[in-house]
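Dock chain U against chain G, hints included.
Here's the letter readout for the chains.
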Amino acid sequence: MSVGELLSGAEILCRVLLEAGVDTIWGYPGGAIMPFYHALPEHPGLRHVLVRHEQAAAHAADGYARASGRLGVCVATSGPGATNLVTGLATAHMDSSPVLAITGQVPRHMMGRDAFQETDVLGLTLPITKHSCLIRDAAELADRLREAIAIATEGRPGPVLVDVPKDVQNQRAEYRPAPPGPRGPRGARGDGAPARGPAAGAVPGDLAGRVRAAAELIAAARRPLLMVGHGVIVARAYDEVRQLAEKTGMPVITTLLGISAFPECHPLHLGMPGMHGEVHVNRAIQHADLIVGIGLRFDDRVTGNPKGFAPRARIIHVDIDASEIGKNVPVAVALVGDARTLTAALAAAVAPRDCAAWRAEIRGWERRRGARYRGDLSPEAIVAAIERAGGERCTIVTDVGQHQMWVAKLYRYRRPNTHITSGGLGTMGFAVPAAMGVKLARPHDDVWAISGDGGFQMNMQEIATMVQEGIPVKLAVFNNGYLGMVRQWQEFFHERRYSATPIWSPDYVKLAAAYGIPGWRVRCADELDEVVARAGAASGPVLVEFLIEQEANVFPMIPPGATLSEAIEAEPAAAAGD
Amino acid sequence: MGQALAVVLDRELLALSRAMGELRRRNLAITSLAVGPADVPGCLRLTVILDTDDATAEMTMKKMHKVSGVRAATRFPAEEGVARELALVKVRVTPERYAEFLDVCDTFKATVVDEAPDQAIVQLAGPGALVLAFVRALEGFGILELTRTGTVALPRTAAAERAAAPAS
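Protein chains in written order, with the numbering used here: chain G, 1 to 578; chain U, 1 to 168.
Keep in mind that the hints were calculated from the coordinates and are not lab data. Be careful, since some hints might not be right.
Away from chain U, derived, C-beta distances all over 10 angstroms, residues of chain G [to be verified]:
1) A20
2) F116
3) R359
4) I362
5) S378
6) G481
7) F493
8) H494
9) A514
10) D526
11) A538
12) A570
13) E571
Computed footprint of chain G on chain U, listed as stretches where at least three residues anywhere in the stretch have a Cβ under 8 angstroms from a Cβ of chain G [as the list claims (entries may be wrong)]:
14) 6-20
15) 56-69
Computed from a predicted model, the values in this text were never measured in an experiment. C-beta: ideal position from N, C-alpha, C; glycine also.
Next comes chain G alone, as it looks inside the complex (with noise of 0.2 angstroms):
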């Protein structure tokens, strides 16, 4: 038994991030959080890039962890630097990416008394973590900062918080690196994981039997479909979700964060459901008669009404969240555990088949997309160059709005995992910063950030970062001088009232030369691929701004409220006037 080192509470912190491996640390230093700035300069294995704004931290330590797989990791100081992160976490809590945040806290003897720069993070961040927690001690810091970590990474995986005060940080205590082996007494929890002791009544018993139930409903189904969701991309059940399906004939749809997961060039890919999904995908869930959803939670924007979602569909749930099952649809088989494994086993036992008939039946429904939009430069031609522009080795992260869901639908995903964005907690501004992050963590792939005009101003600033610490990000912006998406909701459901939706920008390609960066404006369909591959070639950040029509809707659209079968699909009449 080896004596530790003696250590101060900061390079106690730094070395057990080391030795989960983590190189790569978001962040922003203050008052609070100073000990661990001094301790970092000693730990070179820790890259610190410093952000322009800490929720721009906790975005691309969320981008980091979702494009590697691994935990990200963002820093703030107490006070306004925590408050700061909140957006981040809620976001990462929604998308189940694992992100672990440290805050610093007012010394231990001025808490709770309004301390300057105090506030409860903890209990500001309680329900959009996994877990958090205060360190009291520096002796109890590693192992619960190891807590944190694994918990934040095991099974679905979540932000976790952890909460050090100054004093804290500066306290020494003897280190010990990692026991190897199964961690400490409290174990990990809060992971969805099925509880043991008396909660045992919450697990499925038979796992084996039901996936021989799972595989005898597909074998019986006429009109079978297969729904992945991002549950199969963090499991990485890419292989065996393409095994099953090949295997089936069934036909695949890919929810939001689910994209990327299925070649969409597969001829069994059928594209996204829910509120803007194409109407022959959503058609095909409405006369399905079993639907086996993996990874994925029926969320509304999927299900539209849930009350007529798929009313002819029983439905094969598969989700390492127990809690999940049931929660939105009603589940005939539930198969609680990690993707890969449960999709695996099932791809093993169900009986060979082809389901031609039934996706002939599909492609019928299937609308040729008409000239929707009014102007050359259409969404469509620009996910196009910037597809021709990206090649193989791309990763596009999206901000959310009208352009989301044109990539979403429009880009030909084909490697996995290479489309991120913010899905559950919708958050504007993420794209820029998250984008950070994805480049990070695959320095060989482009990284595009696809933004609006409205999301992209949100959180601009992180330009600056960019070029600081060089990571070039190609910055995309569909600027269409409204905030676009909440202003086709008010043409289709609020009688045309543009209340607040029209957007002033400022003159993007001056805003990319005063960061030292190139810029271009594209007006027209003729300067789009020239422009778009001198951006795709470019070694440093770069921003391209795409002047597209002003009032371009996302078709089609179930209104909020409506079922999957209730879609519009052209313009309002409303609107045809004029």
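Just chain U now, with coordinates in the frame of chain G:
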């Protein structure tokens, strides 16, 4: 009477806050809450009586399983378990009405645990409805102060076996 939810969690306020947060954000109708030491060392046992349907209680239990710091969560229809609460009532009792007061206590099998001139503290343990009836009976004397623990409950053996059966 509702659904009883029994949650065993780490004995720390943060874990308790998280568990309460699960109840709060779901906007559930809560009839009663009780917290005390659990049979597991270092743990609390939280008993919640929910006025809700079976499916909501099931979902709440599953969500409780996910809460960081929660060790176990079970549920059962409260009427299928043994449910009790304890009340302490400080009552004004004048010497003239003392015999009448003792009669009421006797009827409910309540115990006088403290006496002072013109007042007494009386204790009663029992099902919630009994406690309520007792409090009503004492109102005529004048209740000075009242505290109730909230309901604690255990499933009867038959109900416990059903709860342990695989879900769905």
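Each hint, compared with the structure:
no. : hint  : verdict
1   : A20   : 18 angstroms, holds
2   : F116  : 24 angstroms, holds
3   : R359  : 31 angstroms, holds
4   : I362  : 30 angstroms, holds
5   : S378  : 42 angstroms, holds
6   : G481  : 37 angstroms, holds
7   : F493  : 26 angstroms, holds
8   : H494  : 27 angstroms, holds
9   : A514  : 43 angstroms, holds
10  : D526  : 52 angstroms, holds
11  : A538  : 44 angstroms, holds
12  : A570  : 39 angstroms, holds
13  : E571  : 39 angstroms, holds
14  : 6-20  : holds (count 5)
15  : 56-69 : holds (count 10)
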